[in-house]
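Participant: Chain by chain, the residues run as shown.
Number of protein chains: 4
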Amino acid sequence: MKFTTEKLVRFHHCDPAGIVFYPQFYVLLHEVQEDFLAHIGFPEHKMVEGGTGVPIVDMKTEFLGMCRHGDVLTMTLELSRIGGASLGMHYEIHASAQAPGAPSALKLRADGVVVYSQVPHGKAVRIPDDLRDALLPYLQAHPETP
Amino acid sequence: MKFTTEKLVRFHHCDPAGIVFYPQFYVLLHEVQEDFLAHIGFPEHKMVEGGTGVPIVDMKTEFLGMCRHGDVLTMTLELSRIGGASLGMHYEIHASAQAPGAPSALKLRADGVVVYSQVPHGKAVRIPDDLRDALLPYLQAHPETP
Amino acid sequence: MKFTTEKLVRFHHCDPAGIVFYPQFYVLLHEVQEDFLAHIGFPEHKMVEGGTGVPIVDMKTEFLGMCRHGDVLTMTLELSRIGGASLGMHYEIHASAQAPGAPSALKLRADGVVVYSQVPHGKAVRIPDDLRDALLPYLQAHPETP
Amino acid sequence: MKFTTEKLVRFHHCDPAGIVFYPQFYVLLHEVQEDFLAHIGFPEHKMVEGGTGVPIVDMKTEFLGMCRHGDVLTMTLELSRIGGASLGMHYEIHASAQAPGAPSALKLRADGVVVYSQVPHGKAVRIPDDLRDALLPYLQAHPETP
Numbered sequence: 001m002k003f004t005t006e007k008l009v010r011f012h013h014c015d016p017a018g019i020v021f022y023p024q025f026y027v028l029l030h031e032v033q034e035d036f037l038a039h040i041g042f043p044e045h046k047m048v049e050g051g052t053g054v055p056i057v058d059m060k061t062e063f064l065g066m067c068r069h070g071d072v073l074t075m076t077l078e079l080s081r082i083g084g085a086s087l088g089m090h091y092e093i094h095a096s097a098q099a100p101g102a103p104s105a106l107k108l109r110a111d112g113v114v115v116y117s118q119v120p121h122g123k124a125v126r127i128p129d130d131l132r133d134a135l136l137p138y139l140q141a142h143p144e145t146p
Numbered sequence: 001m002k003f004t005t006e007k008l009v010r011f012h013h014c015d016p017a018g019i020v021f022y023p024q025f026y027v028l029l030h031e032v033q034e035d036f037l038a039h040i041g042f043p044e045h046k047m048v049e050g051g052t053g054v055p056i057v058d059m060k061t062e063f064l065g066m067c068r069h070g071d072v073l074t075m076t077l078e079l080s081r082i083g084g085a086s087l088g089m090h091y092e093i094h095a096s097a098q099a100p101g102a103p104s105a106l107k108l109r110a111d112g113v114v115v116y117s118q119v120p121h122g123k124a125v126r127i128p129d130d131l132r133d134a135l136l137p138y139l140q141a142h143p144e145t146p
Numbered sequence: 001m002k003f004t005t006e007k008l009v010r011f012h013h014c015d016p017a018g019i020v021f022y023p024q025f026y027v028l029l030h031e032v033q034e035d036f037l038a039h040i041g042f043p044e045h046k047m048v049e050g051g052t053g054v055p056i057v058d059m060k061t062e063f064l065g066m067c068r069h070g071d072v073l074t075m076t077l078e079l080s081r082i083g084g085a086s087l088g089m090h091y092e093i094h095a096s097a098q099a100p101g102a103p104s105a106l107k108l109r110a111d112g113v114v115v116y117s118q119v120p121h122g123k124a125v126r127i128p129d130d131l132r133d134a135l136l137p138y139l140q141a142h143p144e145t146p
Numbered sequence: 001m002k003f004t005t006e007k008l009v010r011f012h013h014c015d016p017a018g019i020v021f022y023p024q025f026y027v028l029l030h031e032v033q034e035d036f037l038a039h040i041g042f043p044e045h046k047m048v049e050g051g052t053g054v055p056i057v058d059m060k061t062e063f064l065g066m067c068r069h070g071d072v073l074t075m076t077l078e079l080s081r082i083g084g085a086s087l088g089m090h091y092e093i094h095a096s097a098q099a100p101g102a103p104s105a106l107k108l109r110a111d112g113v114v115v116y117s118q119v120p121h122g123k124a125v126r127i128p129d130d131l132r133d134a135l136l137p138y139l140q141a142h143p144e145t146p
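Protein chains in written order, with the numbering used here: chain A, 1 to 146; chain B, 1 to 146; chain C, 1 to 146; chain D, 1 to 146.
Simulated from the structure, these hints should not be mistaken for lab results. We put the CB at the ideal spot given by N, CA and C, even for glycine. Just so you know, not all the hints are guaranteed correct.
[Stated by the list, open to error] If you anchor each label on the Cβ, the simulated ranges turn out as follows:
| no. | chain 1 | residue 1 | chain 2 | residue 2 | range |
| --- | --- | --- | --- | --- | --- |
| 1 | A | 65 | D | 8 | 22 to 32 Å |
| 2 | D | 1 | B | 130 | 44 to 54 Å |
| 3 | C | 82 | B | 64 | 34 to 44 Å |
| 4 | D | 142 | B | 82 | 53 to 63 Å |
| 5 | D | 128 | C | 74 | 32 to 42 Å |
| 6 | B | 125 | D | 122 | 32 to 42 Å |
| 7 | A | 50 | B | 64 | 22 to 32 Å |
| 8 | A | 125 | C | 140 | 51 to 61 Å |
| 9 | A | 6 | D | 121 | 30 to 40 Å |
| 10 | B | 58 | D | 103 | 35 to 45 Å |
| 11 | C | 140 | D | 142 | 29 to 39 Å |
| 12 | B | 8 | A | 50 | 26 to 36 Å |
| 13 | B | 122 | C | 46 | 20 to 30 Å |
[Said to hold, decoys possible] Stretches of chain B that chain C covers, calculated by requiring three or more beta carbons in the stretch to come under 8 Å of a beta carbon on chain C:
| no. | region |
| --- | --- |
| 14 | 6-14 |
| 15 | 18-27 |
Could you build all of it, start to finish, from the sequences and the hints given here?
Facilitator: Laid out in structure tokens, this is it:
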């Protein structure tokens, strides 16, 4: 199952070339992670209050097309792997061109690895069973990413 | 030859866990790119005024250690490849622990690919010879990255 | 009439003290301005495409209470003044404490002045009549601000 | 005495109109505060480690001219008031036009009030004497601001 959410390309995401400044895509990907964790019942601010978090250890990103102020982004997240403490996260961003009837195009593909950890010191800890159960429906049957 | 610059981890780079919020590393990497292009005589704001830019198409990042508010980062950039229009950029970030005499540790390794392009429409164009000559000293003899 | 929208305090808005980093409130206020202009039929990205914008010339802000990751913000915008080219914008942010049943509290009050202008050179131009008509319902009858 | 520092307008500060996105000015003002506190021997990250901070309660800003990517900003900070727990901070930003020999112009004037407080709960505490002594040389003899 994919977790899907829509985001708007805001003025503050865009640079003097009129397109999304690429670090802002990571802010948006992090918003998707936040929305996902809240959706499955484990909001990130509760995690942090409880002394854990999911710091990132690896991220691979392909930027396949430019996004502009006013574009509506359809962002998806699936899990490519659920390990002992680590999670593989596969993101895609599609955008509709602003012309009516224009098809949606894949703009970005990203694969991140985060590790369930104690914060702030970063010691990896095993993903607890209730969180694991909530994550499981989003595990890809046939991960596309190596 | 490596281009080297120092950056400070600022309050605004850090998150509620007290460490650098990972998208902020990309803002810092972009600052290094800006500093590098200015250093070799091709400041990015002049490029953009002239109708070109270097949008990113690929980025791979390993996050190897946490960085905290007040850390001094030594950031390096070398070119892993100079193509017709594309550039491979290899970044490393080392940080000294704040304790005096503490050794410096590798915190982040990143490989980006940017494409010299017309902005805002993004058509790739051949890197002009004067820019190519200025880039050449920073090409790795034996690129570490595949 | 007030324009009202809800925003979530995101992880990326917050600082190492666990509260909203104050410049991020201005990013949120700008989002409200964007949402408002889109709501009345004048989306900011269309304005910019058409060569106009609303750069800010003055901003006064009272920070009345801390906001934290996960807080839901109710943000309102009214117009305190519609001039020839300038607009007075009065913003308020209320937040509910996260405890169930907790009352909502005023966290921020801001008064900005923006000027309808040609971009990028910033020459003020008279607000066109269709935009003026769309703004009028949001003008405060009895502005609270001097 | 004025505390003075230079900052560069970065690509990431600028918006699709090619000028500094106004919330980024507050990030820059906060950098000046950080630089100032480090300069007088009270770096903000040490404060936060020690359980105190200087959250903002009031900010008034006049935006007097646009700043663009590549502009060099001369930023000054003086204290308009040193109270029991609160500090009045008066900032100015001047920028040189990029044309050689062009005069510098005042681009922004801001007056902030911060309160020395326990973090994260925000209880105001009296500014300790050693910090007070370090602040005193930067107090304006004749504050310009009411």
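Participant: For each hint, tell me whether it holds in the structure or not.
Facilitator: Structure-based check of all given hints:
Range check, residue 65 of chain A to residue 8 of chain D: Cβ separation about 30 Å, and the 22 to 32 Å hint holds. In this structure, residue 1 of chain D and residue 130 of chain B meet the distance hint of 44 to 54 Å, their C-beta atoms being roughly 46 Å apart. In this structure the hint that residue 82 of chain C and residue 64 of chain B lie 34 to 44 Å apart at CB is violated, the actual value being about 55 Å. Evaluation of the 53 to 63 Å hint for residue 142 of chain D and residue 82 of chain B yields a pass: the beta carbon distance comes to about 58 Å.
Remark: the range hint 32 to 42 Å for residue 128 of chain D to residue 74 of chain C is upheld by a beta-carbon distance near 38 Å. For residue 125 of chain B paired with residue 122 of chain D, a C-beta distance near 53 Å fails the hint of 32 to 42 Å. Between residue 50 of chain A and residue 64 of chain B the CB atoms are about 26 Å apart, so this pair conforms to the stated range of 22 to 32 Å. The supplied range of 51 to 61 Å is met by residue 125 of chain A and residue 140 of chain C, whose beta-carbon atoms lie about 53 Å from each other.
A C-beta distance of roughly 36 Å is found between residue 6 of chain A and residue 121 of chain D, which places it inside the suggested range of 30 to 40 Å. Under the hint 35 to 45 Å, the C-beta atoms of residue 58 of chain B and residue 103 of chain D, about 44 Å apart, fit the expected range. For the hinted restraint 29 to 39 Å between residue 140 of chain C and residue 142 of chain D, the CB-CB distance of approximately 37 Å keeps it satisfied. Evaluation of the 26 to 36 Å hint for residue 8 of chain B and residue 50 of chain A yields a pass: the beta carbon distance comes to about 31 Å.
Range check, residue 122 of chain B to residue 46 of chain C: Cβ separation about 21 Å, and the 20 to 30 Å hint holds. Coverage of the region 6-14 of chain B by chain C holds [criterion: at least 3 residues with CB-CB distance below 8 Å; count 3]. Residue count for the region 18-27 of chain B with a Cβ under 8 Å from a Cβ of chain C: 3. That meets the three needed, and the coverage hint holds.
The structure fails to meet hints 3, 6 from the earlier list, while all remaining hints are met.
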